[in-house]
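Participant: Residue-level listing of the chains:
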Amino acid sequence: MDLVAIEEIKRLKYRYLRCLDLKRWDELAAVFVADATAQYGDRLTFTGRDEVVDFMRGNLGTDMITVHHCHHPEIDVSADGATAVGTWHLEDTVIMTTHRLMLTGAAFYEDRYVRTGDGWRIAHTGYERTFEAMRSLDDTPSFRLTANRWAAEPPPGDGG
Amino acid sequence: MDLVAIEEIKRLKYRYLRCLDLKRWDELAAVFVADATAQYGDRLTFTGRDEVVDFMRGNLGTDMITVHHCHHPEIDVSADGATAVGTWHLEDTVIMTTHRLMLTGAAFYEDRYVRTGDGWRIAHTGYERTFEAMRSLDDTPSFRLTANRWAAEPPPGDGG
Amino acid sequence: MDLVAIEEIKRLKYRYLRCLDLKRWDELAAVFVADATAQYGDRLTFTGRDEVVDFMRGNLGTDMITVHHCHHPEIDVSADGATAVGTWHLEDTVIMTTHRLMLTGAAFYEDRYVRTGDGWRIAHTGYERTFEAMRSLDDTPSFRLTANRWAAEPPPGDGG
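Chain order of the listed sequences is A, B and C.
For what it's worth, my numbering labels the leading residue of the first sequence as 1, then goes sequentially.
For what it's worth, my numbering labels the leading residue of the second sequence as 1001, then goes sequentially.
For what it's worth, my numbering labels the leading residue of the third sequence as 2001, then goes sequentially.
Incorrect hints may appear among the rest.
What the hints assert, rightly or not - If you only want the chain A side, here are some residues facing chain B, beta carbon under 7 Å, derived:
#1 Met1
#2 Leu3
#3 His71
#4 Glu74
#5 Ser78
#6 Ala106
#7 Thr130
#8 Phe131
#9 Glu132
#10 Ala133
#11 Met134
#12 Arg135
#13 Ser136
It should be emphasised that the hints constitute simulated quantities derived from the structure, not laboratory data.
Cβ coordinates follow ideal geometry from the N, Cα and C atoms, glycine included.
Can you build the whole structure from these sequences, using the hints too?
Facilitator: Below is the structure:
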């Protein structure tokens, strides 16, 4: 069992998740190989890291608070140490402040990783939903944000 | 510190949790020794892996979306490497689609593991709740499932 | 990569989180060096472990059910093995049973650790919120606690 490779791959995934939730799109791109593929549930499929990152950059503006937590890494490194596969269990929350909607969900990831000269990179990432639920914040009128990392920055298209 | 044993025991726990949420009951049975015991909170106590798995199979049908995430592994392997104990922090969500109820909760697990000829197995698993809460989805009328892994399969006893 | 040090630091953090949610204040103090500092979001800054623990002891009584989960450890140990830095992603839930309020949130931790004669200790812990939200349980009238570890113990100031 190659414990160093396993720890490096966990770190790669955590960097991906941290850059995603902090909206650091250029850093996010660096966790993928150029021809990486991604499939998020039934509706979102991408070919090439640029397509993945462009989608995130275009759709996850400052009026979208995202929290993605991945748990339960089950990582198998190939015998030659060149590739690996990994299963994770996602829990995600998205608060859409403009539209006053909240998404919650869970999913099982099946990833593929490759070792490059610069360390491990994501070759494929994808998940199948256990569930995804949407609700309006209008159902809980007392709900209020007491902290919001993105509040200082206006949402895209907001003139105020 | 036996890092390989610790990683193997984490994997064992993650397999248990994945098989539970994916309703793979035969695979779930394989993580236990035959005489394993389980105690989930104050109300659910089981002796023997068959009793544990039969309960899950009988009570967690396709109208029960379950998400069990275990965090914070504190695993101690015995000096001879034959047994181990582990503490975990659970977060669980259960959406009961037929009854329109949602359970959320947290608990601290105290597990015991044994090394067998086929690898580590669970000898005892049990938790004490920090809290468990139940609510009706009727309180949030906008709540709707936008993905449900089990939707294609009819709930047990559902004729339609 | 010093995998033993990384695992030891994860254990330190998990002990901190377990003692916090189990309200074991004396054990909580033992994870810090005496002159440790803490900064929880914009509003809570502490100097010295006594100040940190006194705040917790004074503000997190039995009418405050707390659940703190930390994910995604990215831990770097210094070349001489004497210090380390770590990033974590927090998810927290606080149910205030007397006031019928629920807090949920997420944050990124930036910690500093030091190796002492008694093992690793926290020198600084602090986080910046991604978001924090507050809601009243009165918005979900069906919400009820079906388990509460602290229910047997009266909340502070409660005569009944």
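Participant: Would you mind marking each hint as holding or not holding in the structure?
Facilitator: Hint-by-hint comparison with the structure:
1. Met1: Holds, about 5 Å.
2. Leu3: holds (6 Å)
3. His71: Hint on His71 of chain A: holds, closest Cβ of chain B at ~5 Å, below 7 Å.
4. Glu74: holds (5 Å)
5. Ser78: violated (17 Å)
6. Ala106: holds (4 Å)
7. Thr130: OK, holds: Thr130 of chain A within 7 Å of chain B, min 5 Å.
8. Phe131: holds (5 Å)
9. Glu132: holds (4 Å)
10. Ala133: holds (5 Å)
11. Met134: holds (5 Å)
12. Arg135: holds (4 Å)
13. Ser136: Cβ of Ser136 of chain A sits 4 Å from chain B, so the hint holds.
In this structure, only the earlier hint numbered 5 is contradicted, and the remaining ones agree with it.
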